Amino acid sequence: MEANAAVDGTGNPIPTSAVLTASAKHIGIRCMQENMAFLKCKKNDPNPEKCLEKGREVTRCVLGLLKDLHQRCPKEMDAYVGCMYYYTNEFDLCRKEQEAFEKACPLK
Amino acid sequence: MTEAMIRNKPGMASVKDMPLLQDGPPPGGFAPVRYARRISNTGPSAMAIFLTFSGAFAWGMYQVGQGNKIRRALKEEKYAARRTILPILQAEEDERFVSEWKKYLEYEADVMKDVPGWKVGENVYNSGRWMPPATGELRPDVW
Numbered sequence: 003m004e005a006n007a008a009v010d011g012t013g014n015p016i017p018t019s020a021v022l023t024a025s026a027k028h029i030g031i032r033c034m035q036e037n038m039a040f041l042k043c044k045k046n047d048p049n050p051e052k053c054l055e056k057g058r059e060v061t062r063c064v065l066g067l068l069k070d071l072h073q074r075c076p077k078e079m080d081a082y083v084g085c086m087y088y089y090t091n092e093f094d095l096c097r098k099e100q101e102a103f104e105k106a107c108p109l110k
Numbered sequence: 010m011t012e013a014m015i016r017n018k019p020g021m022a023s024v025k026d027m028p029l030l031q032d033g034p035p036p037g038g039f040a041p042v043r044y045a046r047r048i049s050n051t052g053p054s055a056m057a058i059f060l061t062f063s064g065a066f067a068w069g070m071y072q073v074g075q076g077n078k079i080r081r082a083l084k085e086e087k088y089a090a091r092r093t094i095l096p097i098l099q100a101e102e103d104e105r106f107v108s109e110w111k112k113y114l115e116y117e118a119d120v121m122k123d124v125p126g127w128k129v130g131e132n133v134y135n136s137g138r139w140m141p142p143a144t145g146e147l148r149p150d151v152w
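So the protein sequences, as listed, match chains H and P.
All the letters of the first sequence, read from the start, carry residue numbers 3 to 110 under our numbering.
All the letters of the second sequence, read from the start, carry residue numbers 10 to 152 under our numbering.
Rather than coming from a laboratory, the hints here were simulated on the basis of the structure.
One or more hints might be untrue.
Unchecked claim - Lysine-lysine pairs mimicking DSS-like chemistry, simulated, CA-CA at most 27 Å apart:
hint : chain 1 : residue 1 : chain 2 : residue 2
1    : H       : Lys98     : P       : Lys112
2    : P       : Lys112    : H       : Lys44
3    : H       : Lys110    : H       : Lys98
What the hints assert, rightly or not - Calculated Cβ distances over 10 Å to all of chain P for the following chain H residues:
hint : residue
4    : Gly13
5    : Asn14
6    : Ala26
7    : Lys27
8    : Lys44
9    : Lys56
10   : Glu99
Every value quoted in this text rests on a predicted model; they were computed, and no experiment measured them.
C-beta: ideal position from N, C-alpha, C; glycine also.
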């Protein structure tokens with residue numbers, strides 16, 4: 003499995019750093035509630051056992067979002083993830099792929 | 010042929026009366042050579058030079074500020090992306106840690122089962138807050 007693949011053999015997205023930074027803006031908009039709940043829980047008590055449920059919500063939301071993005075615009079997402087992998091998550095060097103990705107899968 | 014035979018003048022009594030053969034200036038003398046300073050007083054005044062310099066400096070600093078604004082926006086974008094993916098990374102690490110910690114507690118219970126009065130598990134600090142384990146035993150692949 004190459005390191006710049008966005009999905010594994012069964013079509014599930016792999017949350018590598020390239021994939022996560024490529025979808026970071028989408029995650030920030032669509033999973034904001036879960037993220038905020040998890041961070042608030044962590045702030046109250048850093049014990050990982052206490053925030054497991056909220057963590058599972060976060061993982062569910064983000065992995066579902068990644069799968070949804072990959073299903074809606076696979077080619078643009080693969081191109082963007084490949085560019086991110088090549089340039090180690092440098093946004094400024096991948097503007098073209100970013101624009102194509104956001105045109106195909108718009109940020110709502 | 011000596012000089013006396015070449016340069017002689019009729020009626021010469023001795024060599025000392027020979028006509029002179031010298032390297033000298035041309036007749037009428039050389040043309041006059043200017044050696045005086047001629048630094049003209051024209052050109053921009055001191056105030057003009059100072060204002061041009063200050064203007065260039067101010068414009069340059071303004072460009073520096075604009076560039077900093079752009080760079081700050083780029084950094085903000087990078088940090089915002091990191092902030093968004095922090096929760097999922099932490100959640101994944103929490104799951105992994107909890108399963109490792111359970112295994113470790115079972116191992117501790119197994120090792121210390123014959124020690125009287127040993128409360129297995131949470132033998133940590135007294136402040137009441139949860140602290141991550143201080144040894145490197147739980148991440149042997151890292152340490």
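Do the hints match the structure? See the list:
{"no.": "1", "hint": "H:Lys98 <-> P:Lys112", "verdict": "violated (48 Å)"}
{"no.": "2", "hint": "P:Lys112 <-> H:Lys44", "verdict": "holds (23 Å)"}
{"no.": "3", "hint": "H:Lys110 <-> H:Lys98", "verdict": "holds (20 Å)"}
{"no.": "4", "hint": "Gly13", "verdict": "holds (19 Å)"}
{"no.": "5", "hint": "Asn14", "verdict": "holds (14 Å)"}
{"no.": "6", "hint": "Ala26", "verdict": "violated (4 Å)"}
{"no.": "7", "hint": "Lys27", "verdict": "violated (7 Å)"}
{"no.": "8", "hint": "Lys44", "verdict": "violated (7 Å)"}
{"no.": "9", "hint": "Lys56", "verdict": "violated (8 Å)"}
{"no.": "10", "hint": "Glu99", "verdict": "holds (15 Å)"}
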